[in-house]
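With the hints as your guide, set chains B, C and D onto chain A.
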Amino acid sequence: MTIEKSRMQKRIRGIKELFSRAWKRRPVFRAGVVIALTLLFMAILGPFIAPYPSEGWGIPPATSRGAQPPSPEHPFGTDAAGRDILSRILIGAGMALFQIAVVVSVSLAIGLLVGSVAAYYGGVMEKILNYFTETFMAFPAIIVALALNSLFGRGLMVVLLSLIITWWSWYARIAYVNARSTREMEYVLLAELSGLPRYRILFRHILPNISTPVIVQAITDTGSVLLEAASINFLGLGLPTDYPDWGVLVQNGFNYIYSYPWISLIPGAFILVAALGLSMLGDSLREEMDPRLRRRWRLWF
Amino acid sequence: MNRAVLIGLILIALIVAGLGYYWYSSGKTGPNNATASRKVLVYAYEDSITGIDPSIEFDTGLVVLGLVYEPLIYYNPLQDKFIPALATSWEANENHTVWTFHLRRDAKFHDGTPVTSQAVKFSIMRALEYYEKTGEGPGYIWEDLVRIETPNNYTVRFIMDKPMRVDFLVSASYGSYIYSPRVLEESGVKSPLDEELLKWFNQGHEDGSGPYMIESYNPESMVKLVKFRDWWGWKIYDINKAPDVLIIKIVTDDVSQENGLIAGQIDIATTVPLQDISKLLKKGFSVLNTTTYHNYVLMFNTRRYPTNITEFRLAVAHAIPWDRVYREALLGYGRIDNSLIPYGFPGHLDNYTFTYNLTLAREYLEKAGLLGKDLRVEIMYEGTYSQEALFAQILKGSLAQLGITVELKPASWDQMAETGPTVWDNPDQAPHMIINDWWPTLPSPYDFLYSLLHSDSKEWNWAGYNNTLFNNLIDKAWDLEGSNYEEAMKLYVKAQNIVYEEAPAIGLWDEIKPYVYNPRHVAISGEAFNPLYMYVLFIGHLEVKG
Amino acid sequence: MPVSLNYVVKRTVWALLVIIGVIVFSYIFLYLAPGDPAYIWAGRPRGVNATIAIMNARRELGLDKPLPVQILLFIKNVFTGNMGVSIEYKQPVSVIIWRGLTATLELLIIAYLIGVSLGVLLGIYSALKRNTRLDHGLQVLAITLANAPSFWLAIGLIVALAYLTGFTGYGRVDTRLAIATGFRPITGFYLLDSLIEGNIPVFIDVLLRILPPAIIVATYPLGLGIRMARALIAETLGEEYVKAAIAWGVKRRTVIWRYAFKGTIPSLTQVLGLAFAYSLVDAMIVEIVFGREGLGSLAYHIIGKSDFPLVIGLMITVTAFYIIVNTLADILQAMIDPRVRL
Amino acid sequence: MVLNSEPVVETRDLSIGYLDEYDRVWWVVIGVNLRINEGETYCIVGESGCGKSTLGNALIGILPPYAETRGIIRIMGEEIVRDDKHCYWKSRGRIVSYIPQNPGKALHPFMTIHVQFKHLYRARGLRLDDRGVAEKASRILELVGLDPDEVLDSYPHELSGGMQQRAAIAMAVSTGAKIIVADEPTSSLDANLRLQILKLLRKIKEELGITLIMITHDLVQASKNCERIGVMYAGRIVEEAPVKEIFRNPQHPYTQLLLETVPVLGVVKELKTIPGEPPRPGEYPPGCPFHPRCPFRIDKCSREEPVLRKINGKHYVSCWLR
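So the sequences go chain by chain: A, B, C and D.
The letter at position 286 of the first sequence is residue 286 when you use my numbering, and the numbering goes up by one with no holes.
The letter at position 230 of the second sequence is residue 230 when you use my numbering, and the numbering goes up by one with no holes.
The letter at position 304 of the third sequence is residue 304 when you use my numbering, and the numbering goes up by one with no holes.
The letter at position 200 of the fourth sequence is residue 200 when you use my numbering, and the numbering goes up by one with no holes.
By construction, these hints were calculated from the structure, which means they are not laboratory data.
Note that beta-carbon positions come from the ideal geometry of N, C-alpha and C, so glycine has one too.
DEER-style ranges, computed between Cβ atoms:
| no. | chain 1 | residue 1 | chain 2 | residue 2 | range |
| --- | --- | --- | --- | --- | --- |
| 1 | D | Tyr22 | A | Gly14 | 11 to 21 Å |
| 2 | C | Pro68 | A | Val124 | 18 to 28 Å |
| 3 | D | Ser48 | A | Arg25 | 21 to 31 Å |
| 4 | C | Asp64 | B | Asp374 | 48 to 58 Å |
| 5 | B | Ser278 | C | Leu118 | 37 to 47 Å |
Here chain A stands alone, though its shape is the one from the complex (with noise of 0.2 Å):
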């Protein structure tokens, strides 16, 4: 039990050791955490720091407005029912955020349980599981939620079962290669002789050492997934219409980016610069973890 514990605590201090230099070294990354950071306020304070509260959930103002240019009034403008943009973005950070948290987590669950099922029962096992993997890998979240859609019409589940259906198979893949390195470790062959039982040795050996990796990698991932959620929502797969996520704002907008293209670019502008935040935070990350690529560098032959 210490010994877990004291690994732990050590697998917690290499953690904060590396963000910690990455902090130090790397302006990205602070930009990324930055961005980061403001992302979470906004998803956590956005409907309380909205100005038009009622407007940002979805409801048109009483008074009749239309698409108003950005003003101070209404920084970001209106779209065409009259209804602030402002307040509509600061409501579908949470949105956002939301999205991504349950697609990455329950990949991330699915697919450390099946990469290191694999890796550590072998066998028959391992061949199907990584058939599975493998087949699963190469369905287009896109193309799922379209049938998904086809199936059971719009909604919050079209997004986030195409997205979790696509995903867990790329976290399995790396769980899979991480812990068959593991498996060959001495302690686990220990665990073993002295009878623990598999299941066991895997919940208490493979999974957490196995873990960072995996987690780094779902750090990184978490851009892309604001990315792809969007697309969904943008092709009007997932969310309704009124809902205030942003690739749904942005299909709001499609109809009329000639004449009040503020409202498609605007949202369009915080799904990039959110995505770009949660990608440089894991890839910076990724970078300063391996060391061939933090040394000073130039053309020297």
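Below, chains B, C and D alone, put in the same frame as chain A:
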């Protein structure tokens, strides 16, 4: 070695290009030169084409059918006038049960054979029999047909089982197109009801008598039509003004149609973002605003709380800011009309209007004891129509003031057509409100009133409205139409009064269709479109330039 | 080329197995959906003829037989090109999809050619100038491009093009020009077709129209290419064989291209192959925004239209395509790296 | 043969350090002075991490870009490095060549031996067609004892370790350089092959008149091939002498201890190990770097660093005790 591969690739490319060029220049020189001066018209259509069987298609295929096939006569409801097509003259007996049509002698099918009375019988019987067999298609309009007689090649006689306006039936926009019986040989089937014939049509084959022939048919992207030089109409209209090639391009997206217009790739657009039309006019495009009988109707679920309460429905009707709908949702391209029958259509009356009055709406709610209750209602609408979407949003904002929460449920047409009828079996699962849109097949109020609110019309009566008095009134009127038209119209008014008082459905607006076109390529007169045959181009009334 | 036939066969068989897995999954998908599979397959028919349509669907899918037989029947049908008839268009699914596939592929191939070649070049350049201001700039550019939502970029580009030039790159080819010059597509790849026919005006026109959407689709492989090429070149430049080559006096250009770059090709191929699925879907989205025909527009039209055969057809096609591309990437990898022989 | 009195390789106060990620410099080679004459075989011996490979890389000119140099390197009388200013272009490969430590990694895995030879000849400015390359390469491959027909069209991974090393030697020689730095050329091979390769090195050295600089951690190997040995410890040359002198009369305590670890054929004695761990590169102790492990250390050792002094003839040592 790499260099060898590269040289090999270049050689292969050269050989392929050389062979291709040889094949191209040897085989295609003749037609190539002839096509150089062909006039082309690109007509953008806003939906994909669901099929082009002239007797069975009952949806977006009309845009193609109207150019490839012809009915016996056309009807222009705006001028209340019939226009001869394949038939030049017709008459009915005293009590309107036997109608005789005299066919044009010079009309030919695309295979070169003349249009005969046998062909008319063949075509219409196929529509009717197919409907009787499967329940599908527009053949139901011929339900009262007893038989068709063909006394000679150019005379056709319709025997009906009761007084009918057969002139309206033969001019219907669906189910009355005439084609050659030779389609059986061409497709290799025995029976006209064989599903293989339907498939054959839907692969892009045809044998009609209209001014255009199908050259290629890709229902998801474009239909290419070429001019039929032996069309009888070229004696009336200038053949040289008509395009040699007419392309119906499927562009479902408004912005894409606008892009196509700007890029010079589309000559006539059926739908562009309405707010951009003034800009397009400034850029030198022209617009033709056409009246349509395309009517948008808000239907209440009369079998579910709270929309089963008449006062609630009336409250909603008075809570809609109509002027705002007109300005923000329709942008002026539509006519606010609370009647179920569109403006200018037989049976339309102007006095069925609801005014925006929140106090009155509150009173209605109070009367029903609904004021202050936390009410939640759903509205389903077609998500791709920005007018409907904006209307639903405005409604949501307005009802919020009455303490009613509206949940928006955008759907595709298919989903709506599936959800709407569930009101009969499972009213609590059907949405409280649903926007239906309708355009007529027959120039009669019955078409609207029966389809939308008659309790026998389970498929389209999405209100679940079942009022025996109303049913009897319109059924009686329909029976009378053939013999006593004025009396029939009076009954229709009575029926409409019931609808206005109970409000199971309220008319929202009649669409005004702005066709934006490129005047450098085409000149269009108002007669090029007929509201009864939506989207069909009447080719004699437009002129393609250069 | 040093690749064993054995490897190719093994890889192909595996790919076939995965494609079969995809087909089975699609079928299970239909089977597990709420409601009668025949009802869904028939496009949720209504009215009197619904029973006929459902019966037809039942026969087509073999629903009266046990599930494994149904699945085998379905697989057989897919492999013989019979994926059912589209409910919306009433034409065979395979025919419709084939028409869309060529259009999308043309866009995708052009985009990949632009994105990958430029991306890899810039990535190498960035690796050689590592830690200079230029390198940092390229890195920021790359990560931005890789994270930009393509539909948003496409909208932006359309607006910008419309304001600046009035030309929005609409459509695949100028219809009038195509008819005037007698252009007749043979393969469906218009660039290739116009070249085969020697129709230079149409070729130029098609190229001009494909460029704006292709540039948008290219952003992702471009960004990815820059980042991957930079990282991989940095890795191979530290390899022993590069060190030895330098020590033996091999010229700088040869070292970079023939030693370091060549060493990165297998990994690069693999990464870009995996990114292919993303780009394919990207191309479909951009098509929708630009109003081009293709798989994307096809999918967009049928959203919510209960055209399940076409949806399943699209799913199988897109996925199978991705698997084929990745198998080819693996075989290419084996051709370059003689050590890969499973 | 005219004996050139000038050394072909000369370093003066050569120090090499590596920059870490925070731009600090860690010096791994400190103040090395080498004079290597033409045709000589000079051996640099030391434990791993003592900086000998860095020194070798500096002579070849393949220091990584994050290295810093101080001092001068002269090759064939020409100054190629002075205080971080490198001008390696002319000499790299042409004048100094290199036999890699791990031939399996040093040959490009995606190219046949033939193609790799072609690139080498191109680098020398020889425009040869495929047959020309094959002919020229065959001569050298035969010299190193390989069958050209078998080897030329093979990929490196298809060759055994010994064949790979022979091929690598052939490539090193085919550059035409007269000075070759061999960095632990046999460390990845087993004992039998090791002797074969050493023999081969001697043979080509004699046949082609090459100046060979061997870098090794193995004194036995050094004794078999070399004329002079420089013992390196913690980045410095601590003792330098002809082979026989080193074995007969080791002066530096480190050399003495090192010799005691070597098994001598036919003599049964207990093998000793050097107490303590060698210092990590860049973290050398102050004063005499060996003093923490030295059994004879005096106070002065920890305070002041001794310099390399001549004690007789060609024997140099840096120790406060001598």
